[in-house]
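2 protein chains.
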Amino acid sequence: MAARRPAPGETLVHFFDINSEAPGKSRSWSPNTLPIRAVLNYKMAPYTQTYVAMPDIEPLLKSLHVPPLEGGRVPYTLPAILHKPSILNEGATLNDSFALAVHLETIFPPEAGYKSIFPNGQCSYALAVAVLKVFRSIYPPALPFCYPAVPKYLDERSREYFYASRKQMLGMTMDEFEAKGEALEEAWKATEAEIAVLVKMLKGRPSPRKSRGPFFEGEHPGYADMVLLGFMGWFQKNSQADLDRLLKMGDGELQKVWDAGHQWLEAEGENVEYEIPK
Amino acid sequence: MAARRPAPGETLVHFFDINSEAPGKSRSWSPNTLPIRAVLNYKMAPYTQTYVAMPDIEPLLKSLHVPPLEGGRVPYTLPAILHKPSILNEGATLNDSFALAVHLETIFPPEAGYKSIFPNGQCSYALAVAVLKVFRSIYPPALPFCYPAVPKYLDERSREYFYASRKQMLGMTMDEFEAKGEALEEAWKATEAEIAVLVKMLKGRPSPRKSRGPFFEGEHPGYADMVLLGFMGWFQKNSQADLDRLLKMGDGELQKVWDAGHQWLEAEGENVEYEIPK
Numbered sequence: 001m002a003a004r005r006p007a008p009g010e011t012l013v014h015f016f017d018i019n020s021e022a023p024g025k026s027r028s029w030s031p032n033t034l035p036i037r038a039v040l041n042y043k044m045a046p047y048t049q050t051y052v053a054m055p056d057i058e059p060l061l062k063s064l065h066v067p068p069l070e071g072g073r074v075p076y077t078l079p080a081i082l083h084k085p086s087i088l089n090e091g092a093t094l095n096d097s098f099a100l101a102v103h104l105e106t107i108f109p110p111e112a113g114y115k116s117i118f119p120n121g122q123c124s125y126a127l128a129v130a131v132l133k134v135f136r137s138i139y140p141p142a143l144p145f146c147y148p149a150v151p152k153y154l155d156e157r158s159r160e161y162f163y164a165s166r167k168q169m170l171g172m173t174m175d176e177f178e179a180k181g182e183a184l185e186e187a188w189k190a191t192e193a194e195i196a197v198l199v200k201m202l203k204g205r206p207s208p209r210k211s212r213g214p215f216f217e218g219e220h221p222g223y224a225d226m227v228l229l230g231f232m233g234w235f236q237k238n239s240q241a242d243l244d245r246l247l248k249m250g251d252g253e254l255q256k257v258w259d260a261g262h263q264w265l266e267a268e269g270e271n272v273e274y275e276i277p278k
Numbered sequence: 279m280a281a282r283r284p285a286p287g288e289t290l291v292h293f294f295d296i297n298s299e300a301p302g303k304s305r306s307w308s309p310n311t312l313p314i315r316a317v318l319n320y321k322m323a324p325y326t327q328t329y330v331a332m333p334d335i336e337p338l339l340k341s342l343h344v345p346p347l348e349g350g351r352v353p354y355t356l357p358a359i360l361h362k363p364s365i366l367n368e369g370a371t372l373n374d375s376f377a378l379a380v381h382l383e384t385i386f387p388p389e390a391g392y393k394s395i396f397p398n399g400q401c402s403y404a405l406a407v408a409v410l411k412v413f414r415s416i417y418p419p420a421l422p423f424c425y426p427a428v429p430k431y432l433d434e435r436s437r438e439y440f441y442a443s444r445k446q447m448l449g450m451t452m453d454e455f456e457a458k459g460e461a462l463e464e465a466w467k468a469t470e471a472e473i474a475v476l477v478k479m480l481k482g483r484p485s486p487r488k489s490r491g492p493f494f495e496g497e498h499p500g501y502a503d504m505v506l507l508g509f510m511g512w513f514q515k516n517s518q519a520d521l522d523r524l525l526k527m528g529d530g531e532l533q534k535v536w537d538a539g540h541q542w543l544e545a546e547g548e549n550v551e552y553e554i555p556k
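Protein sequences appear in the order of chains A and B. Heads up: the first sequence begins at 1 in this note's numbering, then just goes up one per residue. Heads up: the second sequence begins at 279 in this note's numbering, then just goes up one per residue.
One thing to keep in mind: the hints can contain errors.
Unchecked claim - Computed cross-link-like contacts, EDC-like style, restricted to lysine to aspartate or glutamate with a CA-CA straight-line distance of at most 16 Å:
| hint | chain 1 | residue 1 | chain 2 | residue 2 |
| --- | --- | --- | --- | --- |
| 1 | B | 481 | B | 456 |
| 2 | B | 411 | A | 192 |
| 3 | A | 200 | B | 374 |
| 4 | A | 62 | A | 270 |
| 5 | B | 411 | A | 194 |
| 6 | B | 458 | B | 520 |
| 7 | A | 133 | B | 470 |
| 8 | A | 133 | B | 520 |
It is worth saying that the hints were derived from the structure and are not from the lab. Since the structure is predicted, the reported quantities are computational estimates derived from the model, not experimental observations.
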């Protein structure tokens with residue numbers, strides 16, 4: 001899977017991802033950034049990228065005149081893309097994942113031969129919004145075993161930042177927050193109970209079976225699938241055992257999505273040094 | 279809007295709805311039964327119907343060999359349909375709303391000229407499952423002002439049953455449960471905060487504007503819209519003022535769905551006496 005070759009003089013989309021030392025084909029690990037990486041790769045859009053250590057995200061975004069996210073617990077987060085030809089605000093930067101996905105569909109549209117992340121139009125869009133909402137119920141039970149795994153693969157500066165910022169957010173240390181023993185098993189079961197709705201969606205209508213595909217919408221993935229793949233990719237970085245347990249939920253539906261789509265989490269754009277103001 | 283005329287000798291779908299003395303074009307009021315009525319009317323499927331008082335639902339369903347709903351707080355509920363030609367269990371009865379909608383799509387399929395409630399195939403199906411899940415977050419804040427309105431229009435036997443069963447379910451009297459004064463305002467605001475996701479879905483992609491329609495999927499309604507319409511229809515029966523306040527949320531998106539779809543909540547099948555075992 002190779003991206004389209006950029007046209008002479010083309011200003012590429014520049015993608016800011018969160019740094020890590022995670023093993024695997026890419027260092028990408030965040031369930032927020034992976035869906036955007038998946039969109040770029042699925043569309044075979046040419047892009048450049050920079051991995052940014054966590055303490056550098058706020059200064060970077062401020063230097064790009066990005067306002068803090070409203071209502072979020074983390075006001076300055078990635079992903080962000082910088083693309084002067086199409087983003088007309090002062091910093092030419094967008095950093096809300098879903099707004100960003102919608103924007104990428106506009107600048108890499110099906111009319112120009114790119115694959116669509118809204119293959120069923122308004123239905124795909126509504127589905128993506130609903131799935132993002134459904135994930136808000138999936139995160140709370142999963143965080144007590146997902147968050148504690150993250151520092152393992154972060155670079156040292158990001159790790160320190162992660163511990164400090166999450167302690168402030170959670171009101172306790174990561175060690176206190178971590179689900180262990182019976183609580184860990186409970187957390188997994190509660191996660192599985194919330195994942196059940198995704199499984200039901202993927203199972204699809206009992207009839208007609210002919211229209212079944214691995215993805216939420218059938219044969220072609222949409223942004224809702226990229227969100228699910230990003231979540232799965234996060235589990236993989238946390239631990240292969242965690243991913244394996246996740247993929248076993250349901251009757252093989254999640255495994256099929258992973259098999260068909262994990263490739264889009266892995267490809268990378270050209271790494272470019274980007275000087276981050278301190 | 280008239281239903282198709284039944285063919286000679288055709289065994290019609292028989293629809294069991296919950297009784298009331300609610301004013302309006304039909305006595306239907308329940309957010310669980312209204313979506314199925316909407317499906318039947320939207321498809322212009324011919325059907326017969328019986329309104330059942332609440333204390334009669336359990337004996338009726340038991341006589342039809344319907345097992346209690348798993349995991350539900352109310353094990354015997356309507357809607358149910360009885361249709362011997364297509365439902366092959368002992369009582370020829372189905373009573374889970376969503377399973378029932380899926381079944382109606384099979385017996386009144388687009389291939390035979392009926393309108394589809396899954397106009398975008400698997401995408402529509404996944405969307406309906408997700409919207410049903412989203413509604414699980416909308417009900418809790420709305421119940422403290424919706425439940426207390428219901429007894430106003432129930433028939434006397436159903437009213438007594440409703441008070442008793444809800445007292446057991448809620449662990450308090452309806453008067454204690456009812457949101458009043460400041461708590462009422464809070465409940466409305468919390469409901470609006472949850473409705474916001476539906477508004478976002480209905481707003482649709484900022485571009486291309488050409489594909490906008492009043493419904494979740496654009497021009498054609500799907501089962502997700504019937505669920506929303508059923509919820510709106512419940513508000514209308516509770517009080518016109520409640521419906522008006524609901525429809526004002528967002529920027530007119532909900533009003534457009536109501537204007538385009540409320541007709542499907544109102545039409546009725548032929549009323550048929552059905553002797554309910556006591």
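Inset, instruction - Hints the structure violates: just list their numbers, smallest first. - result: 1, 4 and 8
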